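Model the full assembly from the supplied sequences, consistent with the hints where possible.
Each chain, letter by letter, is given below.
Protein chains: 2
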Amino acid sequence: MDLIGQSYITSMKKKQDLRFINIITTVKSTIIKHDMIRLGDRIVVGVSGGPDSMCLLHVLYNLREHFHFELIAAHFEHGLRPGEDEKETEFVSSFVKGLRIPFEYQRPVRDIKNGQGSLEERARLARYAFLEEVRKRYNAHKIALGHNMNDQAETVIMRLLRGSGISGLKGIPPVRDGVIIRPIIGLRRDDVLYYLQKRGLQYMKDSSNADETFLRNRIRHKLIPILKQYQPNVISILSRTSEIIGMEDDFMEVRAREWVDTNVLFKDGIIGLPIHPFKGLHTALKNRVIRYLLKKRMGHLRRISYEHINAIIDMIHGKRPNMEAHLPYNIVVRKVYNWLLFDEKKELEDFYYEIPGHGKYYLDAINSWIIVEQVNSVNETDKEGVIFLDADMIEFPVVIRNMRAGDRIALWGMDGHKKIKDIFIDMKIPLDVRRAIPILENKGLPIYLWYINKMDNRYKVRSKSNNILKIGLRMEKTPLWEHIYKEASHAIG
Amino acid sequence: MDLIGQSYITSMKKKQDLRFINIITTVKSTIIKHDMIRLGDRIVVGVSGGPDSMCLLHVLYNLREHFHFELIAAHFEHGLRPGEDEKETEFVSSFVKGLRIPFEYQRPVRDIKNGQGSLEERARLARYAFLEEVRKRYNAHKIALGHNMNDQAETVIMRLLRGSGISGLKGIPPVRDGVIIRPIIGLRRDDVLYYLQKRGLQYMKDSSNADETFLRNRIRHKLIPILKQYQPNVISILSRTSEIIGMEDDFMEVRAREWVDTNVLFKDGIIGLPIHPFKGLHTALKNRVIRYLLKKRMGHLRRISYEHINAIIDMIHGKRPNMEAHLPYNIVVRKVYNWLLFDEKKELEDFYYEIPGHGKYYLDAINSWIIVEQVNSVNETDKEGVIFLDADMIEFPVVIRNMRAGDRIALWGMDGHKKIKDIFIDMKIPLDVRRAIPILENKGLPIYLWYINKMDNRYKVRSKSNNILKIGLRMEKTPLWEHIYKEASHAIG
Numbered sequence: 001m002d003l004i005g006q007s008y009i010t011s012m013k014k015k016q017d018l019r020f021i022n023i024i025t026t027v028k029s030t031i032i033k034h035d036m037i038r039l040g041d042r043i044v045v046g047v048s049g050g051p052d053s054m055c056l057l058h059v060l061y062n063l064r065e066h067f068h069f070e071l072i073a074a075h076f077e078h079g080l081r082p083g084e085d086e087k088e089t090e091f092v093s094s095f096v097k098g099l100r101i102p103f104e105y106q107r108p109v110r111d112i113k114n115g116q117g118s119l120e121e122r123a124r125l126a127r128y129a130f131l132e133e134v135r136k137r138y139n140a141h142k143i144a145l146g147h148n149m150n151d152q153a154e155t156v157i158m159r160l161l162r163g164s165g166i167s168g169l170k171g172i173p174p175v176r177d178g179v180i181i182r183p184i185i186g187l188r189r190d191d192v193l194y195y196l197q198k199r200g201l202q203y204m205k206d207s208s209n210a211d212e213t214f215l216r217n218r219i220r221h222k223l224i225p226i227l228k229q230y231q232p233n234v235i236s237i238l239s240r241t242s243e244i245i246g247m248e249d250d251f252m253e254v255r256a257r258e259w260v261d262t263n264v265l266f267k268d269g270i271i272g273l274p275i276h277p278f279k280g281l282h283t284a285l286k287n288r289v290i291r292y293l294l295k296k297r298m299g300h301l302r303r304i305s306y307e308h309i310n311a312i313i314d315m316i317h318g319k320r321p322n323m324e325a326h327l328p329y330n331i332v333v334r335k336v337y338n339w340l341l342f343d344e345k346k347e348l349e350d351f352y353y354e355i356p357g358h359g360k361y362y363l364d365a366i367n368s369w370i371i372v373e374q375v376n377s378v379n380e381t382d383k384e385g386v387i388f389l390d391a392d393m394i395e396f397p398v399v400i401r402n403m404r405a406g407d408r409i410a411l412w413g414m415d416g417h418k419k420i421k422d423i424f425i426d427m428k429i430p431l432d433v434r435r436a437i438p439i440l441e442n443k444g445l446p447i448y449l450w451y452i453n454k455m456d457n458r459y460k461v462r463s464k465s466n467n468i469l470k471i472g473l474r475m476e477k478t479p480l481w482e483h484i485y486k487e488a489s490h491a492i493g
Numbered sequence: 494m495d496l497i498g499q500s501y502i503t504s505m506k507k508k509q510d511l512r513f514i515n516i517i518t519t520v521k522s523t524i525i526k527h528d529m530i531r532l533g534d535r536i537v538v539g540v541s542g543g544p545d546s547m548c549l550l551h552v553l554y555n556l557r558e559h560f561h562f563e564l565i566a567a568h569f570e571h572g573l574r575p576g577e578d579e580k581e582t583e584f585v586s587s588f589v590k591g592l593r594i595p596f597e598y599q600r601p602v603r604d605i606k607n608g609q610g611s612l613e614e615r616a617r618l619a620r621y622a623f624l625e626e627v628r629k630r631y632n633a634h635k636i637a638l639g640h641n642m643n644d645q646a647e648t649v650i651m652r653l654l655r656g657s658g659i660s661g662l663k664g665i666p667p668v669r670d671g672v673i674i675r676p677i678i679g680l681r682r683d684d685v686l687y688y689l690q691k692r693g694l695q696y697m698k699d700s701s702n703a704d705e706t707f708l709r710n711r712i713r714h715k716l717i718p719i720l721k722q723y724q725p726n727v728i729s730i731l732s733r734t735s736e737i738i739g740m741e742d743d744f745m746e747v748r749a750r751e752w753v754d755t756n757v758l759f760k761d762g763i764i765g766l767p768i769h770p771f772k773g774l775h776t777a778l779k780n781r782v783i784r785y786l787l788k789k790r791m792g793h794l795r796r797i798s799y800e801h802i803n804a805i806i807d808m809i810h811g812k813r814p815n816m817e818a819h820l821p822y823n824i825v826v827r828k829v830y831n832w833l834l835f836d837e838k839k840e841l842e843d844f845y846y847e848i849p850g851h852g853k854y855y856l857d858a859i860n861s862w863i864i865v866e867q868v869n870s871v872n873e874t875d876k877e878g879v880i881f882l883d884a885d886m887i888e889f890p891v892v893i894r895n896m897r898a899g900d901r902i903a904l905w906g907m908d909g910h911k912k913i914k915d916i917f918i919d920m921k922i923p924l925d926v927r928r929a930i931p932i933l934e935n936k937g938l939p940i941y942l943w944y945i946n947k948m949d950n951r952y953k954v955r956s957k958s959n960n961i962l963k964i965g966l967r968m969e970k971t972p973l974w975e976h977i978y979k980e981a982s983h984a985i986g
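Here the protein sequences line up with chains A and B, keeping their order.
With this note's numbering, the residue at position 55 of the first sequence is 55, and numbering never jumps.
With this note's numbering, the residue at position 150 of the second sequence is 643, and numbering never jumps.
Among the hints, erroneous ones may be present.
[To be verified] Derived pair list, reagent style BS3-like, types lysine-lysine, alpha-carbon separation capped at 25 Å:
id, chain 1, residue 1, chain 2, residue 2
1, B, K921, B, K936
2, B, K760, B, K838
3, A, K319, B, K721
4, A, K279, B, K838
5, A, K33, B, K936
6, B, K715, A, K228
7, A, K28, B, K936
8, A, K295, A, K279
9, A, K28, B, K812
10, B, K526, A, K335
11, A, K33, B, K828
12, A, K454, A, K419
13, A, K136, A, K97
14, A, K335, A, K279
15, A, K279, B, K526
16, B, K912, B, K936
17, A, K319, B, K521
18, A, K443, A, K360
19, A, K222, B, K921
20, A, K222, B, K715
21, B, K691, B, K590
22, B, K772, A, K33
23, A, K454, A, K464
24, A, K419, A, K460
25, B, K721, A, K228
26, A, K97, A, K113
27, A, K319, A, K428
28, A, K295, A, K335
None of these hints come from the bench; they were simulated from the model.
All figures in this text were calculated on a predicted structure; none of them were measured in a lab.
See below:
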């Protein structure tokens with residue numbers, strides 16, 4: 001087989017095929033610029049059999065001595081086009097055999113036709129999982145993929161139209177996590193075809209076209225030709241722009257992370273952002289910090305819009321000390337005095353505890369302690385959450401539970417009973433909070449609602465009461481909460 | 494005249510004309526968000542008579558009590574379309590008269606048809622100069638212009654296609670220099686037309702169309718409708734993207750400026766960048782710092798490409814201690830050991846000095862001192878620039894001058910003379926440097942070339958020489974240069 005080597009490049013130089021030489025030089029400088037390959041690296045190349053991956057494999061094969069690395073070719077069969085798929089595998093396999101490097105291929109273990117998300121997304125995930133599996137099996141360092149500059153430009157346009165903001169405009173990263181490398185990201189599609197033609201290499205109709213979305217195809221075949229009428233260099237300009245944006249995006253991320261590392265508290269999945277230092281940040285960094293923390297909390301930023309970020313920043317700057325914003329995926333951002341807490345809205349299970357008598361009991365459902373004791377007098381200085389009852393009216397076991405449909409309670413100065421649901425509605429307590437409010441039940445009837453402090457009038461301690469029962473409910477605080485509530489209570493004075 | 498006021502908005506609310514209310518709300522929040530107007534501001538509104546500026550004037554007129562500001566309407570007549578121009582002025586004038594606010598207009602003092610740059614650019618500059626002049630005359634604080642969100646999106650696309658990088662993508666700033674404000678930048682063009690229609694307001698075919706470039710018109714009327722097929726919200730998405738990019742661009746600029754302020758030396762128009770601390774910066778900030786310094790040195794960044802910036806950064810990181818890069822507009826960036834100097838390539842005038850005898854003389858053309866003295870021996874430890882001659886061969890006055898066509902010199906070990914031009918060519922000395930090299934002339938003939946250290950063999954001090962003449966050439970250093978050369982000579986060791 002006729003392969004490119006130093007001698008080949010020399011002979012091409014004589015023929016003045018500068019374009020061919022430029023293609024090799026571009027790949028080389030892409031590798032150097034992004035520090036893609038290190039001495040002794042073992043690299044898994046994803047080869048679909050299409051022009052990009054064939055060019056990638058061939059160029060890398062011929063640069064392997066220049067950069068001192070080893071190659072493994074890996075082909076993933078999607079199993080979506082019976083007949084065609086096998087032909088493709090056969091084609092790649094026989095080509096790789098000629099290069100005398102290891103070849104791995106896989107038919108999907110599970111049918112990727114069914115499952116969550118789009119077919120394209122599932123195929124992509126299965127392909128990446130396979131490549132990663134091959135990388136681990138071979139103890140390899142990198143996975144090389146055949147994205148080119150046109151893919152880059154198409155991605156930038158697609159994301160620009162989608163409104164993905166700066167992080168989207170940076171496009172496909174030349175290196176991701178130090179593992180995924182894209183050595184031909186600096187080549188235009190026509191460079192790839194030119195290379196293949198000059199080397200007399202064959203390729204299959206790129207199977208990745210099959211999992212391209214309709215939008216990408218329209219952008220490639222319709223929109224980009226139109227944009228070229230306005231700017232013939234649109235591909236390289238978009239690629240260049242995304243490179244600069246990628247660089248600056250990284251800088252912003254680094255700054256945001258630095259600030260978070262020295263200012264933000266993390267505990268038990270809750271994130272605590274101190275409001276005062278945050279207010280001093282540059283607007284751009286404020287946006288980045290909020291995005292960074294949301295991503296940290298949610299694991300992604302799907303369905304988070306610019307408006308969400310702005311609402312949170314407005315909340316921080318607003319005068320109201322206690323507010324909350326409800327975001328997608330059950331995320332709640334709470335302003336608690338000088339802190340902003342990123343937490344998850346928890347769907348509380350129903351809970352029901354029988355309290356046999358005096359003592360201290362832990363209620364794990366609401367992460368709280370309940371303390372029941374006999375006392376001699378009502379101590380008015382006692383804290384919130386502590387109630388005093390006429391002990392003679394109480395029969396143990398009492399019950400601590402959350403609300404049930406039809407619950408009623410007799411309140412002070414009222415004849416008859418009132419529906420607990422109506423109390424909640426009157427007080428505008430949101431549905432998910434209602435389920436977390438502990439109710440004290442005695443003899444099968446609700447007699448006290450914690451937090452909103454409503455008590456059945458018959459149980460109150462009166463001058464004639466002989467025995468007083470003190471029941472205190474105290475939330476077990478994590479160190480983060482301790483810290484924040486200490487500040488909060490200090491703020492309340 | 495029927496004008497919008499609070500009562501009007503209330504009545505519209507009853508009619509559920511939410512779109513109209515949203516338009517007012519959008520302008521209000523744009524003003525607040527960008528802190529465009531302060532209590533008691535006096536604002537000059539540029540009114541062309543087209544839909545945007547008519548809408549702007551009318552909205553501002555009706556918000557003037559809400560935000561407590563005063564208005565002056567100013568109309569600039571380009572004088573490019575005889576007949577039509579006067580009609581437009583008449584239209585704007587009579588409308589403004591109805592509002593009972595001051596009205597200013599101007600026909601161009603000088604014919605803007607002729608001059609440097611494009612007609613559009615000249616018209617724009619003349620218009621801005623007029624508005625600024627009105628602002629000063631009225632002691633006003635702001636100039637309000639009627640750019641809308643479509644203008645913004647068109648600008649972003651135009652610059653994206655031009656490859657203007659991030660600073661281009663940020664588009665039209667809502668506020669520039671605290672003076673130019675654009676209160677309707679948040680309105681789409683169809684909002685503007687809707688507003689005018691609802692208020693029964695007339696307008697002229699926007700005269701700004703006349704100074705729109707062909708490219709902008711094509712983008713507006715052809716490309717944007719195509720992009721809308723891909724993304725119906727393309728206008729607001731581009732506007733939003735440019736807002737975020739603008740914010741982050743500002744952050745990057747602030748960081749770059751901060752770094753420059755504490756690290757870079759400025760003296761006599763020369764900029765000195767210390768290389769060691771620069772190398773530690775994030776890549777994105779490196780780019781920004783170089784761009785910032787070039788802009789500082791050149792006053793603009795025209796014709797400066799990403800490649801220029803990269804070349805400079807590569808030069809900094811390269812191993813060669815002394816290099817220079819030649820940029821457009823005669824800017825030279827020199828690497829002098831641990832410093833990078835941004836300077837202008839100076840076209841040196843011819844110079845010619847007669848030195849009458851012993852003594853110290855200042856040669857202002859080359860900013861240097863020449864010292865002529867009688868000495869007893871050749872001191873080998875003497876510095877560069879100092880020469881020793883057989884004094885008996887010299888006849889005063891000697892001459893210090895730069896090269897002339899036809900100059901020849903007799904060198905060591907050579908029979909006959911050699912053309913000085915050929916010496917320069919052999920040594921690959923660039924043309925502009927040749928003109929700066931001082932030549933010592935005796936009895937009408939060149940006998941020594943400084944810097945490249947070539948001497949006519951007959952003048953050298955020999956064992957038989959009775960008298961020795963020492964001539965030293967020393968460049969007058971500015972403090973910046975002193976500093977840098979001290980480091981440089983330390984580096985040479």
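Hint by hint, here is what the structure shows:
1. B/K921 / B/K936: Cα-Cα ~29 Å, so violated.
2. B/K760 / B/K838: Satisfied, since the Cα-Cα distance of roughly 16 Å is no more than 25 Å.
3. A/K319 / B/K721: violated (40 Å)
4. A/K279 / B/K838: Since the Cα atoms of A/K279 and B/K838 sit roughly 46 Å apart, the hinted pair is violated (cutoff 25 Å).
5. A/K33 / B/K936: With Cα atoms ~59 Å apart, A/K33 and B/K936 exceed 25 Å; violated.
6. B/K715 / A/K228: holds (14 Å)
7. A/K28 / B/K936: violated (60 Å)
8. A/K295 / A/K279: Given pair A/K295, A/K279 holds - Cα atoms ~20 Å apart, limit 25 Å.
9. A/K28 / B/K812: holds (21 Å)
10. B/K526 / A/K335: At roughly 22 Å apart (the allowed maximum being 25 Å), A/K335 and B/K526 satisfy the hint.
11. A/K33 / B/K828: holds (22 Å)
12. A/K454 / A/K419: OK: A/K454 and A/K419 at ~12 Å, within 25 Å.
13. A/K136 / A/K97: Status holds; Cα separation ~22 Å.
14. A/K335 / A/K279: holds (14 Å)
15. A/K279 / B/K526: holds (16 Å)
16. B/K912 / B/K936: holds (18 Å)
17. A/K319 / B/K521: Holds - the C-alpha atoms of B/K521 and A/K319 are around 21 Å apart, at most 25 Å.
18. A/K443 / A/K360: Since the Cα atoms of A/K443 and A/K360 sit roughly 21 Å apart, the hinted pair holds (cutoff 25 Å).
19. A/K222 / B/K921: Between A/K222 and B/K921 the Cα gap is close to 52 Å, so the pair fails against 25 Å, i.e. violated.
20. A/K222 / B/K715: It holds: about 14 Å lies between the C-alpha atoms, which stays within 25 Å.
21. B/K691 / B/K590: holds (21 Å)
22. B/K772 / A/K33: holds (16 Å)
23. A/K454 / A/K464: The hint holds at about 22 Å.
24. A/K419 / A/K460: holds (20 Å)
25. B/K721 / A/K228: holds (18 Å)
26. A/K97 / A/K113: violated (30 Å)
27. A/K319 / A/K428: Distance ~21 Å between A/K319 and A/K428 Cα, so the pair holds.
28. A/K295 / A/K335: Given pair A/K295, A/K335 holds - Cα atoms ~18 Å apart, limit 25 Å.
Violated hints for the displayed structure, listed by number in ascending order: 1, 3, 4, 5, 7, 19, 26.
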